[in-house]
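A.B. asks: Chain A is already provided as a structure; the job is to place chain B on it using the hints.
Chains as they are written, first to last, in my numbering: chain A, 1 to 111; chain B, 1 to 488.
Be careful, since some hints might not be right.
As the list claims (entries may be wrong) - Pairs of lysine to aspartate or glutamate residues, derived as DMTMM-like cross-links and limited to a Cα-Cα distance of at most 20 Å, are as follows:
1) B:LYS458 x A:ASP63
2) B:LYS10 x B:GLU27
3) B:LYS10 x B:ASP60
4) B:LYS458 x A:ASP39
5) B:LYS12 x B:GLU96
6) B:LYS10 x B:GLU42
7) B:LYS148 x B:GLU96
8) A:LYS5 x A:ASP39
9) A:LYS22 x A:GLU57
10) A:LYS5 x B:ASP66
11) B:LYS12 x B:GLU27
12) A:LYS33 x B:GLU39
13) A:LYS5 x B:GLU67
14) A:LYS68 x B:ASP38
15) B:LYS12 x B:GLU67
16) B:LYS10 x B:GLU44
17) B:LYS332 x B:ASP391
18) B:LYS425 x B:GLU177
19) A:LYS68 x B:GLU27
20) A:LYS33 x B:ASP38
21) B:LYS112 x B:GLU123
22) A:LYS5 x B:ASP391
23) A:LYS68 x B:GLU39
24) A:LYS33 x B:GLU42
25) A:LYS22 x A:ASP63
26) A:LYS68 x B:GLU30
27) A:LYS22 x A:GLU86
28) A:LYS68 x A:ASP24
29) B:LYS453 x A:ASP39
30) B:LYS12 x B:GLU49
31) B:LYS453 x B:ASP391
Said to hold, decoys possible - Here's a subset of chain B near chain A, in silico, CB distances under 7 Å, partners left out:
32) GLU28
33) SER31
34) HIS32
35) ARG57
36) LEU58
37) GLY59
38) ILE64
39) GLU67
40) PHE157
Keep in mind that the hints were calculated from the coordinates and are not lab data.
Since the structure is predicted, the reported quantities are computational estimates derived from the model, not experimental observations.
Yeah, the Cβ is synthetic: ideal placement off N, Cα and C, and Gly gets one too.
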Amino acid sequence: MTLPKDLVAASATPIILAILQKEDTYGYAIIRKVQEISDNQIAWTDGMLYPVLHRLESAGFIDSYWRKAENGRRRKYYHITASGEEECGRLISQWSVVEKALQILLEETHT
Amino acid sequence: MFDLESQIRKWKTHLLSAGSLGHSDIEELESHLRDSIDELTEREITQEEAFLIAVRRLGDVSVIQDEFAKLSTEDLWRQLLVPADNPLAVRRNRIELIIVIGLTLSAGLLSKIPALFGFGDIETYNLLYMKNGGLFAFAPAAIYFIWKRSLPLLRSFIVLSIFPLSAFLINLYPSYEPHHTEFLTALHMPIALIFLLLYFYGGPAVRNSKSDQLNGQAGKNRTGWQNTNTRLNFVRFAGETFIYAVLIGLGGLVLTLIGAGTFELIGIDVFPFISAWVAPFGFFGLFTAAAYLVGQKKNLIESIAPVLARIFTPLFLLILLSLITAYIIHPKQAYENRDMLIWFDLILAFVLGLSLYSMSAKDYTHSTTSEQFVENGSYVDILHKPHMLWDALTLALILSAVIVDGIALSGIISRLSAYGFSPNKTAALGENIILLTNLILLITGYVRYFQAKQSFQKIVEVQMRFLPVYAVWAACVVIVFPPLFNFK
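So that you can see chain A by itself, here it is in the shape it has in the complex (with noise of 0.2 Å):
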């Protein structure tokens, strides 16, 4: 089961900036993150997270800067900002609300 394109869009800023309240990383090592936690099932096209994070960027919500790795590759990171944090639990507050209402009606058609 994979989600629909509408639903990886919307939940793709929260999943972005949760990883990012954890700690700075850089955009290969967020799309694997995503693939572990999800088990496969949130697929990113890999490419597409980078216009994301730019705007993530020019919102102010994380900032960046480059570092070098041991192998000399050099990485562009991302670091959340104090405003980003308080979207990230904005974003998730509204996702449990739906989840919330999810659970009850599941119990509903349960009982």
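C.D. replies: Just chain B now, with coordinates in the frame of chain A:
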């Protein structure tokens, strides 16, 4: 034999081709691609297969380019231009070309308005044409931006009305011998009008209440013409338009001269026709045409202009240094010859323009974003990594500009105390003080940047916030000076 490096290079060229991705965007995607390939080859997949899979995972190049192009409204035009097979885009391109040609011609027609009032001869009434020239050249460019950027019509037309209103004002002001205030108007009018053009370039500032609330920092998110990046883009745009205009102008001049020479050989004197029609239409229309070309052929000029900036920065430094040397050898000249002061100011204006331009052409995502190194297991933030030689050269240029400006200021002040306030000297005094403030701001910015106390972005921000000061002063010279000095 599969050559990974050459394949990656080809892929990068392909990404670059649409022009919506910057070099740092591509570097980021490349590092993603390489990570992806590394991981795949660990699973005993050949390099060639790994490359293909990794590219495929990154997604359709044209879709990525489109997404990047959507990122900033600044780059919206690229979306309109790139897919030439899209019938809507083709139509819009054709309409744009017609509009640009129309506006270019209308600039020439505007310049014939004085002829209706009996001031047709450009050579006799050159001051009149000089002071109105900015209006003829920039009003059509402003209309072009209103169309191009689909600006809100009502507000745009209110701002656009500044053009005719200022035309009334400067032409209704009387002018008496020796016409100094009129000459100052001619010099300052274009400066004020360029800033007016910034409004049309960036569009009106929209208060985005939603994002303001979110960030809790009302007023920090400047949009439209107030936005720092927009202003920086405008500086770059102005510099590139200037280069284009000079190139096309020179070409036009050569062509006109050859044409006129040929006509002369067959016994027809076309010079009256040229000076009455070809020259004004060509000259005043040049700016709109150049503005259009800068947008159309962005990639082309983007690669020439930074090179020009790099060539001229050391050359200007040499000129400034030799000026300083000349002053040390003949200190009195600077005070006695008033023309010298004007030349000093002219060079300083160019230096400022150049440093502004090289600021806008600098790809500072590379050199200023912080780079971290692992040290004792913790990340040490090194705030910046300046492009040392280049930044040092720019700083040297600005420092010597301050010295030259100091010489000019002392010259003006000594002349002021000797001959009293005249329009020219007062205007020069104001300009030099503003310039000095600006240069000192730049120097403190650069010093803090070298000490790694602030990012380059901060210098740019301060500089862009300072820009309107010039516009206000220029407008002041145009509006207030004539009555203040009895229109002399």
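A.B. asks: Hints first: check each against the structure and report whether it holds.
C.D. replies: Taking the hints in turn, this is what the structure says about them:
1. B:LYS458 x A:ASP63: Holds. B:LYS458 to A:ASP63 sits at ~15 Å (cutoff 20 Å).
2. B:LYS10 x B:GLU27: holds (14 Å)
3. B:LYS10 x B:ASP60: Given pair B:LYS10, B:ASP60 holds - Cα atoms ~15 Å apart, limit 20 Å.
4. B:LYS458 x A:ASP39: Roughly 43 Å between the alpha carbons, so the hint for B:LYS458 and A:ASP39 is violated.
5. B:LYS12 x B:GLU96: Since the Cα atoms of B:LYS12 and B:GLU96 sit roughly 31 Å apart, the hinted pair is violated (cutoff 20 Å).
6. B:LYS10 x B:GLU42: It is violated: about 24 Å lies between the C-alpha atoms, which goes past 20 Å.
7. B:LYS148 x B:GLU96: holds (8 Å)
8. A:LYS5 x A:ASP39: holds (17 Å)
9. A:LYS22 x A:GLU57: holds (17 Å)
10. A:LYS5 x B:ASP66: Since the Cα atoms of A:LYS5 and B:ASP66 sit roughly 17 Å apart, the hinted pair holds (cutoff 20 Å).
11. B:LYS12 x B:GLU27: Holds. B:LYS12 to B:GLU27 sits at ~9 Å (cutoff 20 Å).
12. A:LYS33 x B:GLU39: holds (14 Å)
13. A:LYS5 x B:GLU67: holds (15 Å)
14. A:LYS68 x B:ASP38: Judged against 20 Å, a Cα distance of about 16 Å means the pair holds.
15. B:LYS12 x B:GLU67: holds (17 Å)
16. B:LYS10 x B:GLU44: violated (24 Å)
17. B:LYS332 x B:ASP391: At roughly 34 Å apart (the allowed maximum being 20 Å), B:ASP391 and B:LYS332 break the hint.
18. B:LYS425 x B:GLU177: Since the Cα atoms of B:LYS425 and B:GLU177 sit roughly 17 Å apart, the hinted pair holds (cutoff 20 Å).
19. A:LYS68 x B:GLU27: Cα-Cα ~13 Å, so holds.
20. A:LYS33 x B:ASP38: This hinted pair holds, its Cα atoms lying about 17 Å apart.
21. B:LYS112 x B:GLU123: Holds, at roughly 14 Å.
22. A:LYS5 x B:ASP391: violated (46 Å)
23. A:LYS68 x B:GLU39: Within the cut-off at roughly 18 Å; holds.
24. A:LYS33 x B:GLU42: Measuring from Cα to Cα gives roughly 18 Å; hence the hint holds.
25. A:LYS22 x A:ASP63: holds (15 Å)
26. A:LYS68 x B:GLU30: Answer holds: A:LYS68 to B:GLU30 is near 14 Å, not above 20 Å.
27. A:LYS22 x A:GLU86: holds (14 Å)
28. A:LYS68 x A:ASP24: Holds, at about 14 Å.
29. B:LYS453 x A:ASP39: violated (44 Å)
30. B:LYS12 x B:GLU49: Given pair B:LYS12, B:GLU49 holds - Cα atoms ~18 Å apart, limit 20 Å.
31. B:LYS453 x B:ASP391: holds (15 Å)
32. GLU28: This hint holds: B:GLU28 lies near chain A, its Cβ roughly 5 Å from the closest one there, short of 7 Å.
33. SER31: holds (5 Å)
34. HIS32: Since the shortest Cβ distance to chain A is 5 Å, the answer is holds.
35. ARG57: Hint holds; B:ARG57 Cβ to chain A Cβ min 5 Å, cut 7 Å.
36. LEU58: Result: holds, 4 Å to nearest chain A Cβ.
37. GLY59: Holds - the Cβ of B:GLY59 comes within 7 Å of chain A, reaching about 4 Å at its closest.
38. ILE64: holds (4 Å)
39. GLU67: holds (4 Å)
40. PHE157: violated (30 Å)
In terms of the numbered hints stated before, the structure departs from hints 4, 5, 6, 16, 17, 22, 29, 40, listed from lowest to highest.
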